[in-house]
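A.B. asks: This is what each chain is made of:
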Amino acid sequence: MLPMLGQLLKQMFTKPFTNLFPAKYAPKNVGKYLQDVQAGKATLISPVPVADPETFRGKIVYDREKCTGCKMCIKVCPSKAIEFKEEEKKIRIYIGRCIFCSQCNDACPVDALHMSEEFLLADTNKVADYLVVE
Amino acid sequence: MKYEIPVGPIHPALKEPIMIKCTIEGERIVDVDVFCSQNHRGIEWIGMNRNNPVQSIYTAEKICGICNFCHPSCLVMAVEEIVGFEVPERAQYIRVIQGELERIHSHLLWAGVAAHELGFDSLLHYVWMVREKVMDILELVNGQRVPKDVLMYGGVRRDIKEEHIPKIREMLKYYAEGFDKIAKLFLQDKTIKMRTREIGILTKEDAMKLATAGPTTRASGVKKDVRQDMPYYAYPDFEVKAITPDMLTGETLGDTYDRIVVRLLEVKQSMEIIEQALDEMPGGEILAEPKVMKVINQIKKSEGEAIARHEAPRGEAIHYVKLKEGFEYLYAWKVRAPTYINILSWRPMLMDMQIADIPIVAASIDPCMSCTNRVTIVEDNRERVLTAEHLHRLSVQKTRRLMK
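Sequence lines, in order, name chains A and B.
Per our numbering, residue 1 is the first one in the first sequence, and the count goes up by one each step.
Per our numbering, residue 135 is the first one in the second sequence, and the count goes up by one each step.
To be clear, the hints were calculated from the coordinates, so they are not data collected in a lab.
Glycine is no exception: its CB is placed at the ideal position from the N, C-alpha and C atoms.
Hints may be right or wrong, so weigh each one.
[To be verified] Interface residues of chain A toward chain B, partial, derived using beta-carbon atoms under 10 angstroms:
#1 L2
#2 Q7
#3 T18
#4 T55
#5 K59
#6 P78
#7 D106
[Said to hold, decoys possible] Taking lysine to any residue and the SDA-like style, the derived pairs with C-alpha atoms no more than 25 angstroms apart in a straight line are:
#8 A:K126 <-> B:K196
#9 B:K155 <-> B:Q172
#10 A:K90 <-> A:C67
#11 B:K538 <-> B:L412
#12 A:K15 <-> B:E273
#13 B:K318 <-> A:L8
[To be verified] Here are the simulated distance ranges between beta carbons:
#14 A:F17 <-> B:E385: 33 to 39 angstroms
#15 B:D167 <-> A:A23: 33 to 39 angstroms
#16 A:E65 <-> B:H174: 40 to 46 angstroms
#17 A:E88 <-> B:G253: 58 to 64 angstroms
#18 B:G417 <-> A:P49: 26 to 32 angstroms
#19 A:E88 <-> B:N431: 44 to 50 angstroms
#20 B:K357 <-> A:G31: 52 to 58 angstroms
#21 B:H298 <-> A:F17: 19 to 25 angstroms
Whole structure, please, built from the sequences with the hints as guidance.
C.D. replies: Shown next as structure tokens:
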């Protein structure tokens, strides 16, 4: 314990290392808290910014116009998160299943898929509107 | 009077599904039995029946969350050997750097867990704070904190950018300056010494007999390291030497304290390797074949079998792969994770120890149950013990099936 004591004393006077996201004290209901934030009743401690926006792998962005329906992304997706829509010849991506490997981005011949910076994707409903990209 | 104490299948001290059954006499442990296979995910099955080889890289990555570079690395090495992809020199260096970054973060994570198992939670939080630095670098280079998703047959998918290199060097400087402090907090602390010195001893003979791997075996004085014995990737350039505890303390006891020493020294060794790799990294291509569909077709046309070995943070990971011409998936895929063999060393380690030593001794081999999943046979609620002859027969049958 002795060698640690100096470090502990020092830490009493330094700022906490962790980022207290979304608030200093954990809210009982996060959904309600976010509504309060939108209404202007509470403030949000913003998350730590991503290290490099270019390399970061967040939620997939899909360019519908560019997509030619070649099914290449479906062939390489390890978690079978991509579904093919036969009648339109376009794809539908279920973010709830996506493992963010970005292999579809590499395989796409027309560059229609990209990884964005968005990472707050936890939800109790796996097929919520913002978790299905089409 | 003898009692039996079950630790597990799910126990707060181990957190992962495994059961240790200890027979105790008073406070003394007189017998130990280990029951693995509490759950099974069937990742090998997915690789042989559902996913093509490119998809299998990412399923292999999900075998273990912490060492998520070693398993795809083994798979990629084995397939590359069969198909004959020429991996560019720069890709080999990037693979070495990724592997060593993984070792640093895994060993620091383990150091925190070990402190927690001793009931020293302020040290746990301190070590994990220090570990955040390497996690930031992993996010910077790979785009996410934990999954690397960087390997591809014939190279790597992402380059280490020029603007990232100063930040990696800054991390190395941070660890070089902080290393002595962490070493002091761990190795000169009286409480830690009392709880780990001469606790959970694995003698050199036992370590050799049980064929243990990684830091567990090196802490017992066996100089065994795949990077030294059978260098892969760009490792021949670095002349890695297996680390034993006598390099720091002058003696090898093979106890829990020695396992802490080995892991801390390995963090330092990894830092040196990364530094040298950054200095010597050549330029050029990073991928032999950038078109994914071409890679899949080339693998589909190949036939053969190979074994690949990789020194993971926990020890030696081995993958066996067989490909058949015209077969869409891997024809055979066998994963041997390092924890699978290290688990057996719990028995000699725990003998004659006390109940309170179970968590730290069990944690001292850095067990990872997610890699160690094996099938449990449940049939008609009847228990069945597979004898050695039966297992041998099954193994012969499987070999014949594969030879067809």
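A.B. asks: Hint by hint, note whether the structure agrees.
C.D. replies: Quick rundown of the hints versus the structure:
no.: 1; hint: L2; in the structure: 7 angstroms, holds
no.: 2; hint: Q7; in the structure: 6 angstroms, holds
no.: 3; hint: T18; in the structure: 8 angstroms, holds
no.: 4; hint: T55; in the structure: 4 angstroms, holds
no.: 5; hint: K59; in the structure: 12 angstroms, violated
no.: 6; hint: P78; in the structure: 4 angstroms, holds
no.: 7; hint: D106; in the structure: 6 angstroms, holds
no.: 8; hint: A:K126 <-> B:K196; in the structure: 20 angstroms, holds
no.: 9; hint: B:K155 <-> B:Q172; in the structure: 14 angstroms, holds
no.: 10; hint: A:K90 <-> A:C67; in the structure: 7 angstroms, holds
no.: 11; hint: B:K538 <-> B:L412; in the structure: 47 angstroms, violated
no.: 12; hint: A:K15 <-> B:E273; in the structure: 23 angstroms, holds
no.: 13; hint: B:K318 <-> A:L8; in the structure: 14 angstroms, holds
no.: 14; hint: A:F17 <-> B:E385: 33 to 39 angstroms; in the structure: 36 angstroms, holds
no.: 15; hint: B:D167 <-> A:A23: 33 to 39 angstroms; in the structure: 48 angstroms, violated
no.: 16; hint: A:E65 <-> B:H174: 40 to 46 angstroms; in the structure: 45 angstroms, holds
no.: 17; hint: A:E88 <-> B:G253: 58 to 64 angstroms; in the structure: 60 angstroms, holds
no.: 18; hint: B:G417 <-> A:P49: 26 to 32 angstroms; in the structure: 30 angstroms, holds
no.: 19; hint: A:E88 <-> B:N431: 44 to 50 angstroms; in the structure: 28 angstroms, violated
no.: 20; hint: B:K357 <-> A:G31: 52 to 58 angstroms; in the structure: 57 angstroms, holds
no.: 21; hint: B:H298 <-> A:F17: 19 to 25 angstroms; in the structure: 23 angstroms, holds
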